[in-house]
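Each chain is listed here by its residues.
There are 2 protein chains.
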Amino acid sequence: MLSVNEAIGTLLENCEQLVDSEQVSLMEATGRTLANDVVAPIDVPPADNSAMDGYAIRYADWKGTDTAIPLSQRITAGSVPGKLAEGSAARIFTGAEVPEGADTVVMQEHCSEEAGAVRILKLPVERANIRRRGQDLATGQTVLTAGHRLRSQDLGLAASLGFAEISVYRRLKVAVMSTGDELREPGEAIQPGQIYNSNRYTMKSQLETWGFEVIDLGVARDEHEAVRDMMSQAAGEADVVVTSGGVSVGEEDHVKAVVEELGAINLWKIAVKPGKPFAFGQVCGTPFIGLPGNPVSVFVTMLVIARPYLFACQGNADTGVHAVRQIARFSKKASQREDYLRVRSLDDGVQLFTNQSSGVLYSTSWGDGLVRQAVGEEVREGEPVDFLPFALFN
Amino acid sequence: MLSVNEAIGTLLENCEQLVDSEQVSLMEATGRTLANDVVAPIDVPPADNSAMDGYAIRYADWKGTDTAIPLSQRITAGSVPGKLAEGSAARIFTGAEVPEGADTVVMQEHCSEEAGAVRILKLPVERANIRRRGQDLATGQTVLTAGHRLRSQDLGLAASLGFAEISVYRRLKVAVMSTGDELREPGEAIQPGQIYNSNRYTMKSQLETWGFEVIDLGVARDEHEAVRDMMSQAAGEADVVVTSGGVSVGEEDHVKAVVEELGAINLWKIAVKPGKPFAFGQVCGTPFIGLPGNPVSVFVTMLVIARPYLFACQGNADTGVHAVRQIARFSKKASQREDYLRVRSLDDGVQLFTNQSSGVLYSTSWGDGLVRQAVGEEVREGEPVDFLPFALFN
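Protein chains in written order, with my numbering: chain A, 101 to 494; chain B, 101 to 494.
Be aware that one or more of the hints could be misleading.
Which copy is meant is left open, so a pair is good if it fits within one copy or across any two.
[Claimed, not checked] The list that follows gives simulated cross-link-like pairs (lysine-lysine, DSS-like), each with its CA atoms no further than 30 Å apart:
| hint | residue 1 | residue 2 |
| --- | --- | --- |
| 1 | 163 | 376 |
| 2 | 222 | 163 |
| 3 | 222 | 356 |
| 4 | 356 | 273 |
| 5 | 376 | 356 |
| 6 | 369 | 163 |
| 7 | 163 | 273 |
| 8 | 432 | 222 |
Please keep in mind that the hints were generated in silico from the structure rather than gathered at the bench.
Using the sequences and the accompanying hints, generate a full structural model.
Here it is, written out as structure tokens:
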């Protein structure tokens, strides 16, 4: 059996990263992946400015608390200051440009203004209260690198450099489909022998959360031809095809036969729980990932195994998630497979959901993350374990 | 000065939670907040089904490995089985309904089929390989509660119960505006004295990530009337008005004067760094939050102080974020304010960005989270600290 890391490694080796990029408005760029480095075209801030409401002076002009310095100008944020006249002070506000000739800003609480002059009652250190030109960013500095997935603060940073648009990879197109004649859609009446389709909703939502363009093909009938038609369509439209169910070796599992016919398939036995059967291959030249059919297996293998591959295809430089250490509030024997346990955070550690069956999707809704139990590792109550909050995968 | 927790507590006490709800398609419900409990109308699975491809038998019918049991039916997933004829077995596939009369499924790898009969070479325990009716969810069980923010797996769970639509609170409408004559929009030419507006982009992206409807009003000129017009408009359209900048006591800070004129304002000194000046009040009866003007202060106070309030207004039951413990790879003296330090995760702990000035937005892009340093707490290299990954706030 493959280890989880070997499986991810093989997927990443076989990944063809998108190359097409597009310019998008900064306002629409959250969650998109940078196609080029962002290099600062200007200094930020572009000039020295005042960190306070107060008075800008030449430090050497101060002659003591009793000597008023005449005011020569008033500089509001956004206005253009003149050079500071010798022996004078300027009234200045937060964010306003510090005039040439001034070297220090005194906060207004330490000053007394009267009759067009200011007395400085408490002198700060020389050069105080000035935000220096280029303090945040210097011209020519690489501030964001290609492959970075843009977060709110990154948009703010790019805006501070004057970029109204930004170059990102186009969205990865991921086709999702399920198989199974037992599946009915929510809202339909359910008959004996049938169940409601849940994987479609989980998978589509996960893929959209990750910023992909989802081609949602629904469910193919359990018939070779129906599966073949849908998979051909998926391969024609998408960058990657993802299926749930139908990839074990059973005679009713048509996905495997169809992928063999249209391309190539490798059935992997990955030492992971939940989620053992996992397939990787290509359909008409389009990469193909076959997830297991059980709802929890779909959810977990999508997060742990498919996500790094899809992120890499999208051009993301960072495909992994850093586990954090939390205290286990439960014990569990060592296992031969890497086990992803559904847990919930409490103030004193993480609690295990009682039923870890791969059919019990409720465990994932009840919980807020996974404990990763390595092969052969015993979990002991009160000791730290690797915890992966679901939110870290978003 | 208020502590951060006191400030959040006061905000939550003064929160008016949305009551309007709407039905949305499950396909569009990611990130929305449930307005009602979701109660299971059916058992999941709705009937006993097979966990394997194999053979369904009555356990008592097994007479040893040499005695073949005749096959009486073939049950694929989605088909309706007949009652199992006495003394017979049924071929059955994963997910297919177990016929009445059968009590055990034998996996196909432990069977040998020939001439319309099956020999069972290895008998499992009685009742093996059957997913029991109601194993995941039982009719009448509350599976999701009002106030829950829906994630991918929750949509799958609701789908498994047959819900095509779900009742959620309408999106909270949040108006955002900034003030400052020095601000230019990205794409425009910058003149002396001016800087690019970054807060607008950071704030809008944060609010959208949280699922709110953003009313983006841009920048008001630093004039009483311009600020008043924009704030009246904001109050008329939004559930909450959020501003950045303009709430300190300076004579160029018009937001404070306008809010006093149109409603009421409390200026809070919160013992938080970055982000001391923070205002809360109402404008024409609409709640108002005034964030500081510095880019890092805006980003941090939005996450730490505004977010819990906005989440509560939206109807979210869970407004907080669980910190995780990570090892500090730096030391820092105790401070009189709760300090939110920009850090980056490494394999052996978290590293501090060198410049923690509230003007240096780059620290938030460089980092992947915040270390929360409590008032009076010293950070010592090699010891654990409270770490808040940015992703946990999404």
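Hints, verified against the model:
1. For the identical chains of this complex, residue 163 and residue 376 are neighbours neither inside a copy (80 Å) nor across copies (33 Å), given an alpha-carbon limit of 30 Å.
2. When the C-alpha separation of residue 222 and residue 163 is checked against a cutoff of 30 Å, the pair qualifies only within one copy, where the shortest distance is 12 Å, while the shortest distance between copies is 101 Å.
3. In this assembly of identical chains, residue 222 and residue 356 lie within 30 Å of each other by CA distance solely across copies; the values are 28 Å between and 80 Å within a copy.
4. In the homo-oligomer, the alpha carbons of residue 356 and residue 273 lie at most 30 Å apart inside one protomer (22 Å), although the nearest pairing across protomers, at 48 Å, exceeds that limit.
5. Proximity of residue 376 to residue 356 under the C-alpha cut-off of 30 Å is restricted to the intra-copy arrangement: shortest distance 15 Å within a copy versus 60 Å between copies.
6. In this assembly of identical chains, the alpha carbons of residue 369 and residue 163 never lie at most 30 Å apart, being 82 Å within a copy and 34 Å across copies at closest.
7. For the homomeric pair residue 163 and residue 273, neither the shortest alpha-carbon distance inside one copy (70 Å) nor that between copies (55 Å) is at most 30 Å.
8. Proximity of residue 432 to residue 222 under the C-alpha cut-off of 30 Å is restricted to the inter-copy arrangement: shortest distance 29 Å between copies versus 65 Å within a copy.
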